[in-house]
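> Residue numbers (our numbering), protein chains in the order written: chain A, 1 to 313; chain B, 1 to 508; chain C, 1 to 322; chain D, 1 to 335.
Hint data in this document are derived by calculation from the structure and do not stem from the laboratory. No residue lacks a Cβ here, since even glycine has one placed at the ideal position from N, Cα and C. A hint or two may mislead.
[To be verified] Across the chosen pairs, the derived CB separations fall in these ranges:
#1 D:Q153 to C:Y293: 40 to 48 Å
#2 D:S178 to B:G392: 38 to 46 Å
#3 C:G144 to D:G168: 45 to 53 Å
#4 B:S28 to D:K113: 27 to 35 Å
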Amino acid sequence: GGGSSGGGDASGTAGLKGKTVTFVGYGKDNPWGASFNGVFVPKLESQGVKVVDLTTMDPGTAVTNFNQAISNKPDLIVAALLDTSSTVVPIKKAKQAGIPVLVFDGRPDPSVDGDVMQVLSDSEALGTAAAQNLVEGLKAQGRTSGSIIAITGTKSGFAAQDRMKGFDAELAKTPEYKVVDIQDGNWDPTLSGKIATQLFAKYGCSGIQGAYGMADYQALPIVAAAKQAGCPVGGKNGLIVTGSNCFKAGIDAIKGGTLYGTATEDPGTIAEQTADYVIRYFNQQNPPAKELVKEERVTAKNVAQFAEQCSKA
Amino acid sequence: MSPAAEELVRVDQLTKSFGSTRAVRGASFGIAAGEIHALCGHNGAGKSTVVKMLSGQETPDSGAIRIGGGVLDLRSRQVAQRSGIALVDQELSVVPSLTVAENLMLGDQRARWLNRRRASGPRLRSLLDNVGLGHVDLDQPLSELGIGERQLIEIARALGQDARLLILDEPTATLSDVESEYVYAAVRAVAAAGCAILFVSHRLGEVLGLCDRVTVMRDGAVVATTEVADLTIDSLIVQMLGEAPHRSRKRTGGEAGKSGEVLSVGGLSVPGRVEDFSLGLRPGRVYALAGQLGSGASDVLRATAGLVPAAAGDIRVDGVVVRPGHPIAAARAGIAFVSNDRKSEGLFLDKPISWNLLATRLPSVTRWAVLDRQRWSAVLTDLVGLCGLDGGRTGDSVRSLSGGNQQKVFVGRGLGRSDARVLLLDDPTRGVDVGGRAAIHRLLRDAADRGMAVLFSSTDLEELLDLADVVVTMHKGVVVQRHDGDVAGSVLLREMTHGAAAPAEERR
Amino acid sequence: MNVMSARPRSAAPIRRPGLVVDGVLLLAVLAAIVLALTTDRFLTVANAKAILTSASLVGIAALGLTLITIGGSAVSLAISPSVAAVGMIFLSAQSLGLIAALVLAVLCGTLITGLQGAVVGYAAANPVVLTIAASFAITGIATGVSGGSTVSPTAGGYDRLNATPGGVALSVYVLIGLALIVEWTLRRTGFGRSLYLIGENRRAARAAGLPVGRMTAVAWLGAGALFAVTAAFTAAFNTSANVNLGGTLTFDAIAAVLAGGTPISGGRGSALRTLAGAVLIAAASDILLLRGYSTGVQIMVKGVIVLVVVVTVHLRTRGSRA
Amino acid sequence: MRARRPEASLPVAALAVTVIAFVLVPTYTGSALTSFDVYNMFQILARLGLLTLALGLTMIAGEFDLSVVGTYAVGGMLTVQAGQQHWAWGLLAALGAGAAIGLLQGGLIARLKIPSMPVTLATYIALLGLTSALSGGLTKTYSNATVTLWVDQSLLTYFSPRSLITLGLFVVAAVVLSLSRWGRELRAIGGDRRAARVAGVGVDRLIVGTFVASGVLSALGGSLLSFSLGSANPDPGVQPLIVAAAAALLGGVSLAGGRGHPLGLLAGSLAVALLAEIVAVAAVPQYVSQLFFAGLLGIIVVIDAPDLHSALVRLRTRLRSSHHPRTSIQESADV
Ligand SMILES: Nc1ncnc2c1ncn2[C@@H]1O[C@H](COP(=O)(O)OP(=O)(O)OP(=O)(O)O)[C@@H](O)[C@H]1O
Ligand SMILES: Nc1ncnc2c1ncn2[C@@H]1O[C@H](COP(=O)(O)OP(=O)(O)OP(=O)(O)O)[C@@H](O)[C@H]1O
Ligand SMILES: [Mg+2]
Ligand SMILES: [Mg+2]
């Protein structure tokens, strides 16, 4: 297909026929990616858009694929940035070649911030929500002080950094609750569980009142580690654990009372919004260059409302 | 012939110990340029250890090596090689995955940085012609050649290095007589060109025929260096042993054994190695396959034990067919096999003697798959007694035993199986000294007396005549003759080396 | 000076590397003990439990690998994908009940790894290449079948695996129990003995008529069952499973086996050694964590421990042969 | 007679199959291949080629250097951290570290005669830890965009400096190993170490040299990748190692050692790169290519499995002998 941004002035879905999107997203071997792709791709295809799937979880391959995408000359490249800095050059190349790029989930490198369209998770909001969950839970237990540990996603990524920014900012409002340890859990449940086990040994049950697992699949191993260390979880004076990146087992745990709360950033919602953005873009409805996905805080109070949305990953 | 003054190589008071084993104690002798100097001695006398020190593979504990007057510090094979010392090791040292040409050039210190294949081609060809391998293609992978041919390639490599000292450690042990003749001629030519040659061999005939002087070692020390003209086989043997060799009682295998065949082999063939071999074994008797390396004797044994996948033929134990090519089936049928390679195909060197002895009998010392201590020690005591091993050492690893005792363990493992009907042994006394040999012979005879059928292969006339009730000679993959009664050693030797008399039977 | 006469080789320590090695080892152990004792909070019951807990999952898988290694098949590089696949099966089968799900998981685990073992045992295939192929195959199939999505438990029975009888994680009891069972099997059964023999010298075992293929396959079957147990515990602990469940388990298990002093060449080693190796690595990581070192340093020290043990074991066994 | 060695034709066969598949891709996608597709294939080659060469050389020598990915990571990280001033410093630091790592491992393996797999596994773990400690576990960004653009600029339509360097090193390795005695000596120590030593090959020096070469090549691979990505990742994961091993095995080396040639390794790497490019061009899901790898490696395992050989020989023998019934046993029972 040509690089023309064509489509004429046809409105509705007519403008989508024959459009091609090259999709350099997260690979299917990542659960979040699998879930995102499962919503995003069918939605566009149902509108007649041709989606060329170049997804991968390997940062090196992602760059190769991005370059491949540029050479394919699609009408739009939709990309997730596994490694922010390595995609700077490809984004510049795409700009030179006149191919528009839409980045979803994590933000691009500041140097190319203006060169791409963006549908981003509101990472700071996710971090804020997690902090709110913890503070709310600790207050409800009547604690006037508390020590908190955080096991993060891969520290080098903006997602983890931005969430911690929001998290720290929110906690700064309640100085009686302090973060005592931050460890890199690398978005890895097993590693997170192992670190949690050791942290509970280090600080003892009485040394930790709250814990943040950056994704539900990191928060649940923290819960398991706490239980195994003999530390009570939830309830009147047990450990308060929060996640973000809600998913089914997390929702079940909130219902069961072991997880205090979580936040959205479920792949389904952002996939819907990204697909919607693409459709609006092709229909020349000039969507804003940058959109944030609205993230919601989830606790036992509103869990029923999010059960469906969070059960896709 | 050469007075000591003209000696090119001088070994002076060399000493070497391995742990508590004093392998070489103060050995001294000299080799003149142009001389072929034999080094003789029984197994374990220290010959190869001297060779290893001379060739840079081991460093002496004390003593000196002088070549051309200067003392050399031979720290590695490469240093030795650069000092002009070429070696044919006791163990075959060529690389099967390389081509013939590459093997001939391997380790040559004069090789240029750049290979110039064209230029070296004619030289390599002439090296091959030297050892009678004119038919071999330079670009053939070595793995396609037989063992004898590989040995010749190694010899050719050493011969081609224009060395000052050429060492050959049992070069002809795996060669046929014809092949050996090529080696003798080539060695003579190299010597004539002024090279000093150290020739280690157990074949006393070739020592007397080829060499100029003989140094005999015993228990790590040099006994004497003698001009060959002053020696006979008998006097050489006396030097080596210090006494007359032990001879076991000759059994004329009467038909004492029960009738009926335990093992019958019919029409056994191994492509390229053995053709249509048939033999029936009765219990209570000892059978021998007499044949040089490559005669197929070893292949017959291996095939019968199920270790040759390409073997076809009819093998029955007590009338029941045993599928060829399945070692487990053979073992179950009651065939016990003792390989000629006890290190890599026989014993578990790092495991205790007891484990080794009982390795094939695990089912009979377990109850519900769990080892039963009582059965284990009962069977072990039996076996240790049977083999004449030290009952107190069964917990030691086999590696700590001498070669002869290791071989006893190996043979004993085959013997002790109560369900074993047939014992096959491939060259069971190779590298075993006189005492060990007699002990193993006794074990085999006892096994036969207890009703097993024993079949072994050997090239050693004395052993064949002493031990076997029936000798079957083989040559180039076919049976030459079966001898049930007395037979002269010379007859056996002729049949082993030249096949049957009638040219009509020379099928290949 | 070239004369080598009458120079008693000053090589005594080289000829008896055992002594040197023992010395170095003793120093290292002393240093470690001092380090451990001076580490705040190291000597607490809670910390001991934490060490055992974090050693338990890797430890159980490493016990399985021990069977493979002793039997002479070096290592499996397909542990992580097997654990992931079995973990997914285990959680999806929760609706059948915990016991049925466990049985199913162990069956699938034995099947996946046992199949590889059969090829290694009967065809003498190279285990490293084979398990590389198997890891591609298992990950590919698991991704294809699951569509890459995360499996959540279909019922809550799995949580009983997270129990802490007597305040200690169930997986720790299981690890110790399994270590004893595997050790007993290796020492006291005909299978165990055959495995050591086959591992030391496959050719000799074949020539002696030992059932090489069958015993190798059985060892891998056992390993598969142990991997499945790890999978069940890991999945239960994480409350979810996807194709990445195994994480770095393959190399962690190999590290535990090697750190225990079981040589990769086969024919030697034991389950208790592996247990010790797993605990050693967990304890070292724990000390470093308590002392505030980063994950990077923890990993580096793990590598160094493995290296030191490998070299030590090599020198000692060589020493005993010299 | 020579045709009995199927492993020799493996690299050619693997390359041929993937080339044919690559050429046939348009019939699947419906759009013609472009020169960029070839360029991109060589870019993939540049990513895995040097690792394959490094690992392959040690495999020819009968060793197995699992640490290549560790060195790759360290090389990449040093390139970024030491090369912020000038790219040359980063490259030098990486190559120096690669050589030092190789020297250490090679020395240990040669002197102590210790199997390389456990040693290099330990170094691999330690090096990953080191990289992570060096970077604090963070991906480090390389800010020199000129270098990033330079290494990947298109040259001669199909190539980039990065892929040309990679191809060039394969050619250099091939020339050196074919023309010098090192080639045969490398295969000799891989085929039968004792025999090679007895023949006078400087085994220890060769092993050390091979590991140094392996370290330098993997570090360079990491360097080039860092230049290209403009960043260094502290943990490349095990995937590069597994893919490099697969490429090396397809390239005709065996884990037993003594077999293989740099050109075969190149063929194996090209096959894997082509496959990856096919996956990209045809937008095939990645797990399909994993299954494809599994199949290819499965074939290699089968070709190599000795007892399977025996079983086939046995089967053939049985079939043949059942066609020609022999004379009765009674007749030939006794000679
Ligand atoms: N590789 C070895 N490692 C350790 N000790 C050995 C080794 N080889 C031999 N020995 C020791 O040397 C002693 C003598 O063994 P040796 O093999 O020389 O016996 P032998 O009578 O020469 O037998 P053979 O000639 O059949 O090999 C043994 O008791 C053994 O302890
Ligand atoms: N590496 C070693 N470690 C321990 N003992 C050794 C070693 N090499 C040789 N020996 C022992 O030293 C003695 C001399 O062995 P050597 O190999 O020199 O004998 P040989 O005369 O060559 O015997 P053969 O005729 O069997 O080849 C033997 O007892 C042998 O076991
Ligand atoms: Mg000896
Ligand atoms: Mg000798």
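> Does each hint fit the structure? Answer for all of them.
Results of checking the hints against the structure:
1. D:Q153 to C:Y293: 40 to 48 Å: holds (42 Å)
2. D:S178 to B:G392: 38 to 46 Å: violated (59 Å)
3. C:G144 to D:G168: 45 to 53 Å: violated (39 Å)
4. B:S28 to D:K113: 27 to 35 Å: holds (32 Å)
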